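Given these sequences and hints, build the entire structure.
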Amino acid sequence: MKGGDASLIVKKVTTADTGTYKCRVKIAETGSWKYVTINLNVSPDQMNITAESGQDVTLPCQITNKISAVVWSRADLEPKNVFLYQDGRFFPNNQHPSYKNRVALRDRGMKGGDVSLILKKVTTVDSGTYKCHFEIAETRSWKNITINLSVPLDHKIIPAESGQKVTLTCRAPNNSKRVKWSRADLRDKYVLLYQDGHLNPDNQHPSFKSRLTLQDRQMKNGDVSLILKDANTADSGTYMCRVFMEETRSWKLLINNYLIVVPPGQKMNIKAESGQNVTLPCQSSNNNITGVKWMVPRLEGEYVLSYQNGNFEQDNQDRSFKNRVDLLDIQMTDGNMSMVVNDLTAADSGTYMCGVFMEETRSWKYISYVRLSVTDRPGPTGGSVAVIIGVSAVVLVVGFLIYKRKCRSNTHDDPEDEQPLSPEELVCD
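Numbering (full-length UniProt numbering), first residue to last: 1 to 429.
Errors might be hidden in some of the hints.
Claimed, not checked - With a cut-off of at most 20 Å between alpha-carbon atoms, the simulated DMTMM-like pairs for lysine to aspartate or glutamate come out as follows:
no.	residue 1	residue 2
1	209	185
2	189	235
3	66	17
4	80	246
5	165	223
No lab work stands behind these hints, which were simulated from the structure alone. Being a predicted model, the structure only gives us computed values, none of them experimental.
Below is the structure:
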């Protein structure tokens with residue numbers, strides 16, 4: 001404590017360290033005690049978590065102190081409570097209905113100060129700022145930890161053939177009472193509107209009448225998936241699932257389903273080997289096209305190739321396809337939007353969707369798909385086999401010549417008398 005320095009270092013502070021600290025020191029000369037008061041304020045811990053729609057997510061909240069109660073909340077909701085647990089009991093009375101039967105503590109005993117929350121089957125509606133507000137048993141004081149949860153808009157690409165029954169998936173909050181399915185190119189007409197327990201046919205597009213139903217009219221567990229019967233090529237398009245949010249009195253987009261329906265004979269299956277280049281065909285009869293987009297369902301929103309208004313878009317292109325894909329005809333002459341994929345790998349296998357930007361509706365529409373299967377080349381390459389055969393042949397010839405040379409040496413003792421061997425002399429006993 002040279003120079004009267006009695007400063008204290010606190011390592012790895014948390015919100016639990018917030019409080020008033022007193023430093024009591026004794027003055028050597030006078031023998032008296034002096035006090036120094038310091039107020040320490042540790043800002044709430046903040047964490048960013050990103051999850052995919054449909055996943056179960058754990059929102060972490062844990063300190064070393066024993067916790068007697070915890071309240072999880074979201075300020076943008078009414079009521080705000082997501083989960084309340086105190087004295088070994090869960091209190092559901094003031095819980096927001098969208099979290100009913102979807103949340104639980106990771107450890108109901110809150111051992112080791114663990115009050116992390118498990119949120120089941122998240123959707124984009126669950127995105128927001130969550131506050132973990134907990135009471136420390138020893139001090140009876142309350143502390144906070146903040147977590148930002150982001151669930152990006154979900155994208156699904158659904159290939160189908162004419163005549164099939166198709167399911168367009170969508171999951172909404174449990175308390176949803178109004179669900180609307182729409183398609184970008186239908187303008188003010190909707191695909192399906194469900195509210196107050198009934199289907200509303202008033203403004204439904206006529207092409208869907210008697211062909212649509214919800215997978216579960218009770219919408220249990222938030223399932224608002226749509227079943228489309230007897231699909232045809234005119235049904236191709238981008239289907240959007242929205243739910244009405246009572247808190248904001250507005251519609252919330254949950255998912256985009258990209259449906260493409262082709263005639264039974266049009267779908268294509270292409271097989272190739274790794275290392276090869278392949279052309280995936282796509283042809284449109286509409287010449288008024290300014291953009292083309294190739295996508296694969298597993299990329300979840302990222303594209304393989306996107307070309308619009310004379311430029312290739314790079315921002316959301318999947319990294320594995322960078323510098324490996326191109327249009328067969330960049331002018332898209334006669335509606336040719338085929339794509340070339342170079343230096344194939346087995347990971348390139350999958351269903352590729354070809355979409356076009358329609359100037360008439362200012363929207364994207366998928367018009368065809370290709371199933372690509374890439375296999376690794378089996379065994380050693382032909383070059384390796386040729387080298388092995390070539391080396392073996394050389395060894396055989398050299399050995400044969402040495403052997404015959406020895407035979408001939410045994411026949412002619414005098415090297416000067418050596419003459420070309422006759423066919424009979426080529427045989428050694």
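Okay, the hints, checked on the actual structure:
{"no.": "1", "hint": "209 to 185", "result": "holds, 17 Å"}
{"no.": "2", "hint": "189 to 235", "result": "holds, 14 Å"}
{"no.": "3", "hint": "66 to 17", "result": "holds, 14 Å"}
{"no.": "4", "hint": "80 to 246", "result": "holds, 13 Å"}
{"no.": "5", "hint": "165 to 223", "result": "holds, 18 Å"}
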